[in-house]
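With the hints as your guide, set chain B onto chain C.
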Amino acid sequence: MNKLFLILLFLSTPAWADLHVLFMGDSLSEGYGVTREHSFPSVIEKKLDEGAVPFKVKVTNGSVSGSTSANAPSRLKWFLKSKPDILVLALGANDGLRGIDVKSSSDNLAKTIATAKENNIRVVLTGMLIPPNYGADYRDKFSKMYLTLKNKYQLDFIPFLLEGVAGDKNLNQADGIHPNDKGHRVMADNVLKVLKPIMIEEFKQRQKAKR
Amino acid sequence: MILRLAAREIKNHPRFSFFFVLSVLLGLLGLTAIESFKGVVQTNLQSRSKELLGADLELSSRFALEDRHVKIVEQYFEDATHLSSLDIFSMTSFNGASRLIQVRAQENGYPFYGKLLLRSNTQYPGDATPLADNEAWIYPELATQLNIKIGDELPIGEAVFKVVDIVERDIQQSMQTGAIAPRVYLSMDGVKRGELIKFGSTVGYKVGFKFPEGVQIDKDKDLLDRIKKSFDSTVRISTPSSEEDQVGRTLAYLGDFLGLVSLVALFLASVGILYLFQAHLRHKAADFATLHAIGMERGKLVRFMLYHLSLLSMFGTVSSITFGLILMGPLKSLAFQFLPIEIDNLFSFKPFVLVLLVGIASPLFLSIPLILKASYLATRKNAQKVPVLAWAAWPLFFAILSFYVSKSFLVAGAFLGGIIIFLLVLIPLLRLCLNFISKVKVKNINLRHALLRSSRTWAATLSIFLAVFYCSLVFNLIPQLRTNLENEISVANPNVRPSIFLFDVQDDQVEDLKVFSSQSNLPLTNISPMVRARLVSINDEKYEIDTDQKLTREEERNARFRNRGMNLSYASQLNASEKLVEGREFSGVYQDESMESPAEISIEQRFATRLGLNIGDILEFEILGMPIKGKVVNFRSVRWTTFMPNFFIVFQEGILNDAPKTFLATFGQLSSQLKDKLQVDLFKKFPNVSAVDIGRVIERIVV
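Heads up: the sequence lines are chains C and B, in that order. Be aware that the first sequence starts at 46, since it is given in our numbering, and climbs by one per residue. Be aware that the second sequence starts at 392, since it is given in our numbering, and climbs by one per residue.
Just so you know, these hints were derived from the structure itself, not from any lab. Do not take every clue at face value.
[Stated by the list, open to error] Cut-off 20 Å, straight-line C-alpha distance, at most; resulting in silico cross-link-like pairs (DMTMM-like, lysine to aspartate or glutamate):
| hint | chain 1 | residue 1 | chain 2 | residue 2 |
| --- | --- | --- | --- | --- |
| 1 | C | K148 | C | D94 |
| 2 | B | K1076 | C | D152 |
| 3 | B | K589 | C | D185 |
| 4 | C | K126 | B | E469 |
| 5 | B | K1075 | C | D220 |
| 6 | C | K214 | B | E457 |
| 7 | C | K148 | B | E987 |
| 8 | B | K589 | C | D220 |
| 9 | B | K506 | B | D561 |
| 10 | C | K186 | B | E549 |
| 11 | B | K1075 | C | D146 |
| 12 | C | K214 | B | D478 |
| 13 | C | K214 | B | E549 |
| 14 | C | K156 | B | D903 |
| 15 | C | K122 | B | E549 |
| 16 | C | K214 | B | E946 |
| 17 | C | K214 | B | D623 |
| 18 | B | K589 | C | E82 |
| 19 | B | K553 | B | D543 |
| 20 | C | K227 | B | E469 |
| 21 | B | K610 | B | E469 |
| 22 | C | K227 | B | D623 |
[Unchecked claim] Stretch by stretch, here's where chain C covers chain B in the computed footprint (C-beta under 8 Å, at least three residues):
| hint | stretch |
| --- | --- |
| 23 | 487–499 |
| 24 | 532–545 |
| 25 | 591–599 |
| 26 | 895–901 |
| 27 | 1012–1019 |
[Stated by the list, open to error] To give an idea of the chain C side of the interface with chain B (calculated C-beta under 7 Å), a few residues:
| hint | residue |
| --- | --- |
| 28 | G107 |
| 29 | S119 |
| 30 | Y183 |
| 31 | K214 |
| 32 | N215 |
| 33 | N235 |
Ideal Cβ positions, reconstructed from N, Cα and C, are used throughout, including at glycine.
Chain C extracted, bound-state conformation (with noise of 0.2 Å):
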């Protein structure tokens, strides 16, 4: 058997799953400190699982500290062959951290959106603010390419991932960046918030498609 038929039978959407949500995120969400079930994406699948949505639903948590946008292309393209229905698409922070040019970053995110919608994935698009020692000019421009794809590829959006969660001492790790395992629940909640009734919607959609 071909090893790359292995990797993506792993990775496929299994039988049982109506739908395959994808994250594609950063340290934030691939949950660096805490275990990978308390990191957001996996608190969400367990909600998922214990009924929050009438169907059962697939969660991949393509996430890789670190990362930047420059990565997204690439690593969608290596999970397009599992099928996702959904990518949240949570990249950015750390080419802003890095200093970046926003230019750049948006046109990775670009690429990796039009790609996802190229193969019909639903996108939901997380936006990040840099903190305000950065500068006022660095934070708008930032700030501003998230809406600018949002309205650019008309895509659902969840405006701070972060919100509720930055700054607060007790709901992030000793560094004071990386949320700890309350902050990934804050983070779940507020994911979901979004994300539920476009699950309802997008399952709905892909199952009148079927028929």
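This is chain B only, laid out in the frame that chain C set:
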């Protein structure tokens, strides 16, 4: 009167006195030179560690440090003074180009240790004029890359700052942060003026403490533990020893070796002194008997011999210290040719006090049983036995000294253990051999005499044998030590080591980067794949640690280490900076189409020790949702100072090749103009690729 007699004895026996003083001198010379050298290196490293930290103790946190935090430290150290500093990443732009920078601001007078050297030939803290709220000092690479000159104005945050000087040397440049973003110094008021700290800002807050002279917190582990426990895990407590770098740690090898050399030298000298003094006492036996016959009591006789011995030891010790001082200069210049650190001429009295103590006490302890024996003989009390304590005094003294000098239970234990094994095992064997030799019929009279003498004075023969054994051991260790030092602390030859390190190169950028490299005629090397993974289990035992329960500070740190994922790579063979330590090389490309059998993996030896791994262990990883198993087939050492891309865990080729990955790469030796141009061009063509100037980082770390 006895002292005068003892002094006259020295004059009456010039040959004995000369050889005795010479033995003490030579025996102690190694100890004097080595202890002084070790003392100087240690003092320098301590002061260097303080300079790296900038304080005797530092609190740091991503959350604002308040008065209550300072008061906790002040509870323990009332006389401590403290100053604050902070680090913030920000953006600046000039001539139409933007650049990430690391802003550092510190209260006037901070750091307490270590200085910034500025291009204006001034130092801070020192004769440099402190920064006004609208002024900045910048790193030279920022000046070059953005073409900034002194007097130009840089926008940072909400304000503009005038560049008033360039930082030429900064010992507190850290490898991790400073390499990604050049540093810009502002005053604390400057940070306020730039409105850099607002809700949501990511700031590294620090408070440094300076303790009164003589307080060394690193020596009081209990106190340090108590202080650490007074803070929550968001506050990190650093001391100079926690800042000790690779150089400091690996110099321990040198220290161990020098300790061993000291012990051997001392042991050899002791053997020499013992036989010399024994012969002298035998020679003087009739004189002692006469002295006793004319009325000198046994106690006075013992004192006479002790005074005589002490005077000789004193001469030997003082001469040794004098020679040791003379030798220090050449020894330092010789040693610093291969030590990658600059060492100041700091003088320490401590080693000389030790040598003085050893020089007088060692011959004394060694000779007490001989003196007692001689006194019994002179006073016709032959039957009286020398107390066991008198015989045990020197071995005990030597054992304590071994631990003190080597500062290592391992080295001292191995050395003393060697002697004990020798005494228990080899002595009976060698005696048998000597017995056999004595019975051999040899016609040559000289050879016959030599053989008989060797077997009759068996104790002397065995001592010489032991001394030669240890000498050979030390000589044999020299090449090993040299290899260790070269591997561990000497930074790779500047002509060979990379000058620019690239990371976050994407799969589809590798070819473009190669084209860019050949078009620019720049040597792109060491292109290494990097795959992000989570270690799930070791031999089916869960590796990650749950963090939703209450954890101690240490448990929390350990959990962060285990739960943060790791970077894997794959290769067909070891690279030039790696060496196989245990196990075997990869068998080739991974072939199992079913992917059921674990792939072969190679683990860096220290990482393997930290994880408690053995050859043959099975590690399960998760790579973006895909489980992959690996079997440890070898441990390898990595010479990290080559600054080549290296990984703790490397897979054999064929299993990770299809996984999503990024690449690390390096550019070989480049001139500084080329480096600056390259960084600017790279930034334009590959904006996501970060380029770290290794050369500048190494210069700051090493000098």
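Hints versus structure:
1. C:K148 to C:D94: violated, 39 Å
2. B:K1076 to C:D152: Holds - the C-alpha atoms of C:D152 and B:K1076 are around 14 Å apart, at most 20 Å.
3. B:K589 to C:D185: Distance ~15 Å between B:K589 and C:D185 Cα, so the pair holds.
4. C:K126 to B:E469: Not satisfied, since the Cα-Cα distance of roughly 65 Å exceeds 20 Å.
5. B:K1075 to C:D220: The given pair, whose Cα atoms are some 32 Å apart, is violated under the 20 Å limit.
6. C:K214 to B:E457: holds, 15 Å
7. C:K148 to B:E987: Roughly 44 Å between the alpha carbons, so the hint for C:K148 and B:E987 is violated.
8. B:K589 to C:D220: It holds: about 18 Å lies between the C-alpha atoms, which stays within 20 Å.
9. B:K506 to B:D561: holds, 7 Å
10. C:K186 to B:E549: Roughly 15 Å separates the two Cα atoms, so the pair holds.
11. B:K1075 to C:D146: holds, 9 Å
12. C:K214 to B:D478: holds, 19 Å
13. C:K214 to B:E549: Judged against 20 Å, a Cα distance of about 27 Å means the pair is violated.
14. C:K156 to B:D903: holds, 18 Å
15. C:K122 to B:E549: violated, 41 Å
16. C:K214 to B:E946: holds, 19 Å
17. C:K214 to B:D623: Between C:K214 and B:D623 the Cα gap is close to 11 Å, so the pair holds against 20 Å.
18. B:K589 to C:E82: violated, 33 Å
19. B:K553 to B:D543: holds, 6 Å
20. C:K227 to B:E469: violated, 38 Å
21. B:K610 to B:E469: Status holds; Cα separation ~18 Å.
22. C:K227 to B:D623: With a Cα-Cα distance of about 17 Å, the restraint between C:K227 and B:D623 holds, given a limit of 20 Å.
23. 487–499: holds (count 4)
24. 532–545: Since three or more residues must qualify, the claim that chain C covers the stretch 532–545 of chain B is violated, with 0 doing so at under 8 Å.
25. 591–599: holds (count 4)
26. 895–901: Satisfied; 5 residues make the cut.
27. 1012–1019: holds (count 5)
28. G107: holds, 5 Å
29. S119: holds, 5 Å
30. Y183: holds, 5 Å
31. K214: holds, 6 Å
32. N215: violated, 10 Å
33. N235: violated, 17 Å
In terms of the numbered hints stated before, the structure departs from hints 1, 4, 5, 7, 13, 15, 18, 20, 24, 32, 33, listed from lowest to highest.
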